[in-house]
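Undergrad: Chain by chain, the residues run as shown.
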Amino acid sequence: MNIARWLTVLWFLFAIGIASAQDAPVPTPTPTPTPAPAGPPPITVASGTAGKNYLNLSLDGLIVVGASTEPDVPGLQTGGHDPSQRGFTVQNVEVVFDGAVDPYFRGQANVVLQIDPDGETVVELEEAYAVTTSLPKGLQVKVGQYFTEFGRLNPTHPHTWDFVDQPLVSGRMFGGDGLRSVGARISWLMPTPFYSELLVSAQNAKGETATSFGGVTGDVMFGRPLDPDDVKSAGDLLYVPRYDASFDIGETQTVVVGASGAFGPNGTGAGADTGIVGIDALWKWKSARADKGFPFVKVQGEAMSRRYEAAATPLLPAETFEDHGTYLQAVWGIKPMWTLGARYDRVGGDVGDDPADPAFQPRERASLEGTWYPTEYSKLRLQYAYDDRTGLKDASSVWLQFEFLLGAHAAHKF
Amino acid sequence: MITLLLALKVVATTPEYGAVAAAIGGDQVKVTNLAKATEDPHFVDAKPSHIVALSKADILIEGGADLEVGWLPPLVEGARNAKINAGGPGRVRASEGIQLLDIPAALDRSLGDLHAAGNPHFMMDPANAKVVADHLCDVFCRLDAASCPAYKANRDAFAAKLQAKVDEWAKALAPFKGKPIVTYHPTWRYFAARFGLVSEVYLEPKPGIPPSPPHLAEVMQKMKEQHIGLVLVEPFQSRKTAEAVAERTGARVVDVCQFPGGLSGTEGDYVGLLDADVKAIASALAAAK
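Respectively, the protein sequence lines represent chains A and B. Per numbering that gives the first Met the number 0, residue 0 is the first one in the first sequence, and the count goes up by one each step. Per numbering that gives the first Met the number 0, residue 0 is the first one in the second sequence, and the count goes up by one each step.
Isolated chain A, as found in the complex (with noise of 0.2 Å):
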């Protein structure tokens, strides 16, 4: 394996990268200009209170009530932040803590809390992380836990979603929580005229928040008891590749267009591997003269494949398992605050003839949704659900769901 080489190259250029980022000029501070002759004299001040906490702190809830056709709602949905019973969940608070380390880093802490159907709160560490500010040439590296960059939904948190409940895609290749671990990541954002970024993200490979792969020791996959190796080598890591690349089209239409690979061993036993790969793109349009951001019109789409090697055990021989999904979604932003959205989601694909394992069974899914910001810090949304699973009964749910901020102003990526 060649992994181990590169890992030696990643580190090489993050230690490059720090050195020259310690040898830049050191920024001399803005002169204070002359008061203007135009009138009375502006008084000069150091104006502003940004900047002057060292670390902004934010914390987002996350409520959903409804209900659904389907007494058993974990089995139906697939996300471990969707709705997961009848009448009202905590879908997540999340505290966030961002800021600058220092002129070299970036911080960011994700502290999620739930609260489970027998009421007991679960704290999760869902990313803490440090990213570099200042490496030449474009680069960029990531250490610590974060969502992986696969796709465009897995690297997102619950409440920047256009949906109540993740994409059954989701749920399918990365679980409930998404696919997230620790490790490091690289990024080249590479000198073309068009917006262009290459990613390499190294990970561990096991655990919950990894069940394509490692997954947790004694689960099930594809009717296989997990037993995920210790690292021994290199090989034994994830490794994600993403692409990604965007136009704008004029000067309100942008498109987004990526591909992303996700390749490590799995827990089924020694040489057996997992690789994920899959597809994104994303079209809006933005009036120019948007107020808030509306109008606008944008969809968006994933489309993932997954090869599942599964391990020889005493009563079943090696296979290999091939699955699929996709999801594809539009969100109309009528006018200021008023959105209305569809989105059809669709898994399948030859996972075997284990009728027992109705999670691995294709299925089909079609949602309608509608949101109210009463201002960019809360909002209100509606969603009605039609599921469609072969094997079992089809199943119809209605989920209003709320959302409150609090703190740091969050800053939304595209």
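These are calculated hints, taken from the structure and not from any lab test. Warning: the hint list may mix true and false statements.
Quick list of in silico lysine-lysine cross-link-like pairs, DSS-like style, CA-CA up to 30 Å [stated by the list, open to error]:
#1 B/K239 with A/K334
#2 A/K283 with B/K29
#3 B/K8 with B/K29
Put chain B on the given structure of chain A with help from the hints.
TA: Okay, now just chain B, sitting in the frame of chain A:
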């Protein structure tokens, strides 16, 4: 060609900074604006193409009073350009050295979308544009000493042109001293303070909160009591709401903008924009007399 290659690449968050930068930089700078003149500057998309522009920039000019807080941070992080990071040699906070109005005593969002640093629409006062012009001239000189005499000459020319216009504008608005105006958002506070108008009535009940029928009824009541005959509206704000209020009060709707290019014929021209704004406001005030 050589000039083009050596030109300082300047990125401005909003077009009024871009216009002043172009006036001071002349041929020695190449200016890109992130926000469109016609869109709401509080809600700009953090488009990847903006990251590309920032990654190549020598200078980033931001207001620095939280107006761009919802979209600038991920762009700067994505650009990974040490020159324009906070504290970098090319990072310019235009509000530096300017006395901001409306600094909130306490940060409380039940009062609307307050900006901790104060009202960020300070460029509507031409005296503040002069401060920004001086600031930009200093930054350009520091980063490109060879062209410093040209920057200084441009700055002096801009200041002279602005001063002449300020006298003209003050004269045009002098007959309306103490007159109240209605605006959609507290965008015109600095403008009003400079030219002796009173800007205290807004269609928004609180900053950033959309107009509600009870609040509009209150606004119309005030307009009748105080004989306010005009409602200022910008390209991205709801003209329909302004028209409804104007119709019921016999006032007129005045199209104005805080960004060069938001009114036709003012593209890239700060002085031209303010000239158009002053003319529109003065003629509406005269008609409402």
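Undergrad: So, for every hint listed, does it hold in this structure?
TA: Outcome of the hint check:
{"no.": "1", "hint": "B/K239 with A/K334", "verdict": "holds, 13 Å"}
{"no.": "2", "hint": "A/K283 with B/K29", "verdict": "holds, 28 Å"}
{"no.": "3", "hint": "B/K8 with B/K29", "verdict": "holds, 5 Å"}
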